[in-house]
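Asks: One-letter residues, chain by chain:
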Amino acid sequence: MNMQSKRPMTAAEEALVHGFARRAPDLPGDTQISEARQAFIDDIKQNGLPTRRIEAWHYTDLRSLLKTVPASEASATDGGVDALLKGAQLISLVDGTMVSQQVPDGVSCSSFRDSLDGADAARLLTVRDEDDIIGRINGAFVTDGCRLVVDDDLELSAPLEIQSVHSGGQIHTRHPITIGERSKGTFVERHLAVGSGDALVSSVTDLQVGAGADITWVISQEQGGTDTHFGQINIELGAGAKLTLFVANAGGNLVRQEIHIAAKGEGSELVLRGVNLLGAQSHTDVTMTLNHSVPDCVSSETFRNVVCDRARGVFQGQIKVAPIAQKTDARMACNTLLLSNEGDFSCKPELEIFADDVQCAHGATVTDIDDNHLFYLRARGIGEKKARALLVKAFIAEIVEELDDADLVEALEARFETWLDDHG
Amino acid sequence: MLEIKNLHARIAEDGTEIIRGLNLTVRNGEVAAIMGPNGSGKSTLSYVLTGREDYEVTEGDILYNGESILDMDTSERAAAGLFLAFQYPVEIPGVATMQFLKVALNEQRKARGEEELTTPDFIRKVKEASGTLGIDMNMLKRPLNVGFSGGEKKRSEILQMSLLEPKLCILDETDSGLDIDALKIVSDGVNALRSPDRAIVVITHYQRLLEYIVPDSVHVLYKGQVIKSGDKSLALELENDGYANVIADAA
Numbered sequence: 007m008n009m010q011s012k013r014p015m016t017a018a019e020e021a022l023v024h025g026f027a028r029r030a031p032d033l034p035g036d037t038q039i040s041e042a043r044q045a046f047i048d049d050i051k052q053n054g055l056p057t058r059r060i061e062a063w064h065y066t067d068l069r070s071l072l073k074t075v076p077a078s079e080a081s082a083t084d085g086g087v088d089a090l091l092k093g094a095q096l097i098s099l100v101d102g103t104m105v106s107q108q109v110p111d112g113v114s115c116s117s118f119r120d121s122l123d124g125a126d127a128a129r130l131l132t133v134r135d136e137d138d139i140i141g142r143i144n145g146a147f148v149t150d151g152c153r154l155v156v157d158d159d160l161e162l163s164a165p166l167e168i169q170s171v172h173s174g175g176q177i178h179t180r181h182p183i184t185i186g187e188r189s190k191g192t193f194v195e196r197h198l199a200v201g202s203g204d205a206l207v208s209s210v211t212d213l214q215v216g217a218g219a220d221i222t223w224v225i226s227q228e229q230g231g232t233d234t235h236f237g238q239i240n241i242e243l244g245a246g247a248k249l250t251l252f253v254a255n256a257g258g259n260l261v262r263q264e265i266h267i268a269a270k271g272e273g274s275e276l277v278l279r280g281v282n283l284l285g286a287q288s289h290t291d292v293t294m295t296l297n298h299s300v301p302d303c304v305s306s307e308t309f310r311n312v313v314c315d316r317a318r319g320v321f322q323g324q325i326k327v328a329p330i331a332q333k334t335d336a337r338m339a340c341n342t343l344l345l346s347n348e349g350d351f352s353c354k355p356e357l358e359i360f361a362d363d364v365q366c367a368h369g370a371t372v373t374d375i376d377d378n379h380l381f382y383l384r385a386r387g388i389g390e391k392k393a394r395a396l397l398v399k400a401f402i403a404e405i406v407e408e409l410d411d412a413d414l415v416e417a418l419e420a421r422f423e424t425w426l427d428d429h430g
Numbered sequence: 095m096l097e098i099k100n101l102h103a104r105i106a107e108d109g110t111e112i113i114r115g116l117n118l119t120v121r122n123g124e125v126a127a128i129m130g131p132n133g134s135g136k137s138t139l140s141y142v143l144t145g146r147e148d149y150e151v152t153e154g155d156i157l158y159n160g161e162s163i164l165d166m167d168t169s170e171r172a173a174a175g176l177f178l179a180f181q182y183p184v185e186i187p188g189v190a191t192m193q194f195l196k197v198a199l200n201e202q203r204k205a206r207g208e209e210e211l212t213t214p215d216f217i218r219k220v221k222e223a224s225g226t227l228g229i230d231m232n233m234l235k236r237p238l239n240v241g242f243s244g245g246e247k248k249r250s251e252i253l254q255m256s257l258l259e260p261k262l263c264i265l266d267e268t269d270s271g272l273d274i275d276a277l278k279i280v281s282d283g284v285n286a287l288r289s290p291d292r293a294i295v296v297i298t299h300y301q302r303l304l305e306y307i308v309p310d311s312v313h314v315l316y317k318g319q320v321i322k323s324g325d326k327s328l329a330l331e332l333e334n335d336g337y338a339n340v341i342a343d344a345a
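In order, the protein sequence lines correspond to chains H and C.
Quick note on my numbering: the first sequence kicks off at 7 and runs consecutively.
Quick note on my numbering: the second sequence kicks off at 95 and runs consecutively.
Simulated from the structure, these hints should not be mistaken for laboratory data.
Virtual Cβ for every residue (Gly too), placed ideally from N, Cα, C.
Any given hint could turn out to be false.
To be verified - Partial chain H-side listing against chain C, Cβ under 7 Å, derived:
| # | residue |
| --- | --- |
| 1 | GLY112 |
| 2 | VAL113 |
| 3 | CYS115 |
| 4 | SER173 |
| 5 | GLY175 |
| 6 | PHE360 |
| 7 | ALA361 |
| 8 | ASN378 |
| 9 | ARG386 |
| 10 | GLY389 |
| 11 | LYS391 |
| 12 | ALA395 |
| 13 | GLU404 |
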């Protein structure tokens, strides 16, 4: 990280450092792993949590936003909740420990805890760069996760949900996922609070999508109102792979969801859609980086944000197109419905294009509900509150209904409707 | 049915007075046409009647079945039986037309203390009404008015009107943007709704629409007042001579 003058550690920084000293002996992994963990904590001790002076964290000054860190020991509760999608198979993690798994033939699922004890473990705890605080916190504390390998040419007949529930405390998980070539399926990565205790959650997913695979990956963040959630998904797209990624944030108090995509194989296609429902005094940051390093790839990203109360939202979208990545077609949009005068949304698009034969576009809008729309609905006898709710749902429905999976559309809309009813 | 007494209304934002002492009475079963040159306050009148908050009533009253509606908001007026067919129906992406129709019907029923319609009953009703107006059910699966042609939008307005069964219908320039065939379908739809216990106010620039929807009375609106009233022959007179004579007589 950047050179900074030495500052006193904040309460949260101290809690991380001291918490690590207490927990280190019990964390899984051999000497190599524990050295790696110690190095991450030393970085945090040395540099502190990122402030607005770090470009990638400019709108989310973590040093001032992360006020407390809950005690590290999470008490394992039993059981999870019903899957988001009907008929889905479940891999359940409770309070950071995998407790059950149900996967079809052709898919192997193992505990990340076991991987940490294995010989090749050190390479599993990689961090992205010097500013990757999520990678460091996760690397220092990670206890478990789900290591999933989907065979080549496999078509999943039912959705597969990786469900991580917690009752409070600290939860740190990492999921290395490999999707075989030409395989197809729908996957749900879900994070939710089932208790009322404060939580600090970090979750890193490393998703490799094999050549010619065609998958839908849904991240549904449903944390409690006092929880801190640090999510990161690192994606590599193989040649001709198609990924539909849907990111839904409807929960949490302090949330940072990072999405890092490397389009590594020619002819890949990425469809990224996101819905961020922001309420109370929460702070939610979605940061995306997309690297087009080979020719002929298509990507489109659309985020719809609804801001209520005194919530703050951030979207940072960075697209890089390498000199050889000709014929890239990349489009990014960030649309925000600001329903409260005290709400706030910051949007930063960043396009770095080094190829000359590409199509790249970005756009951002911030609006309130359209008075003409509202009047039209009210003139048909729909009361103001109901009419507003209908228009907010419509704003989200536009991108949810693009998904060509009726069950998924229904489940997401039901999820969003519950949230909106609670915040109406 | 409708009595407008010495109505004064202005734009809330800048205080510009648009309606300046308007008097008008429309009886049950009557079809009243309101004509007038551009800027005479025709569309404003339709918004003031439906309670749009962009306008303020500063004087006078609007009585609907003998009672003032000035304290009712837009949706309450709609549930009480007021319907405005928009000159420019708005496009609302993300709201399927069928869903919108169902919510509107049931919200009005709820407001009146009636049972909600069951889905089969609702669909039957929509099918019947769409058939008469030549509306394809596929059109109703699309988002409300999005990508509808001018004719489709106006037919959708009349479909809503026939489903909601209002008591007082206000048609704001329903003929604008319609070709002759669509004009005929829309007019037939309106005529089918004529009944002794329903009043219809037709706001229009041109006499042409009134050949299809024959009015019982014609009123000329100018500078926010009704300056002349008559029967349907007044519309013909205006078509031939323009507004100049009527305006000169009133001055």
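Asks: All hints are to be evaluated individually against the structure, with a verdict given for each.
Replies: Each hint tested on the structure:
1. Annotation: H:GLY112 was flagged as interfacial toward chain C, and the flag is violated, the nearest CB pair being 38 Å apart, outside 7 Å.
2. Contact between H:VAL113 and chain C, as hinted, is not supported at the beta carbon level, the nearest pair being about 36 Å apart and thus beyond 7 Å.
3. Given hint, H:CYS115 at the interface with chain C, is violated; its Cβ is 38 Å from that chain's nearest Cβ, farther than 7 Å.
4. Interface restraint check: H:SER173 against chain C, minimum CB-CB distance 36 Å, threshold 7 Å, status violated.
5. Taken as an interface hint, H:GLY175 does not check out: its beta carbon lies about 39 Å from the nearest beta carbon of chain C, beyond 7 Å.
6. Of the supplied interface hints, the one on H:PHE360 is violated, with its beta-carbon coming no nearer than about 36 Å to a beta-carbon of chain C, more than 7 Å.
7. Proximity of H:ALA361 to chain C is violated relative to the hint, the smallest CB-CB distance being about 33 Å (cut-off 7 Å).
8. Using the Cβ-Cβ criterion of 7 Å, the hint placing H:ASN378 at the interface with chain C is satisfied: the shortest such distance is roughly 5 Å.
9. This hint holds: H:ARG386 has a C-beta 4 Å from the nearest C-beta of chain C, less than the 7 Å allowed.
10. Given the 7 Å rule on beta carbons, the hint for H:GLY389 holds: about 5 Å separates it from the nearest Cβ of chain C.
11. With 7 Å as the threshold, the beta carbon of H:LYS391 stays out of range of chain C, its nearest partner Cβ sitting at about 10 Å, so the hint is violated.
12. Taking 7 Å as the C-beta cut-off, the interface hint given for H:ALA395 is violated, the closest approach to chain C being about 10 Å.
13. The interface hint given for H:GLU404 holds, since its Cβ lies 4 Å from the closest Cβ of chain C, which is under the 7 Å cut-off.
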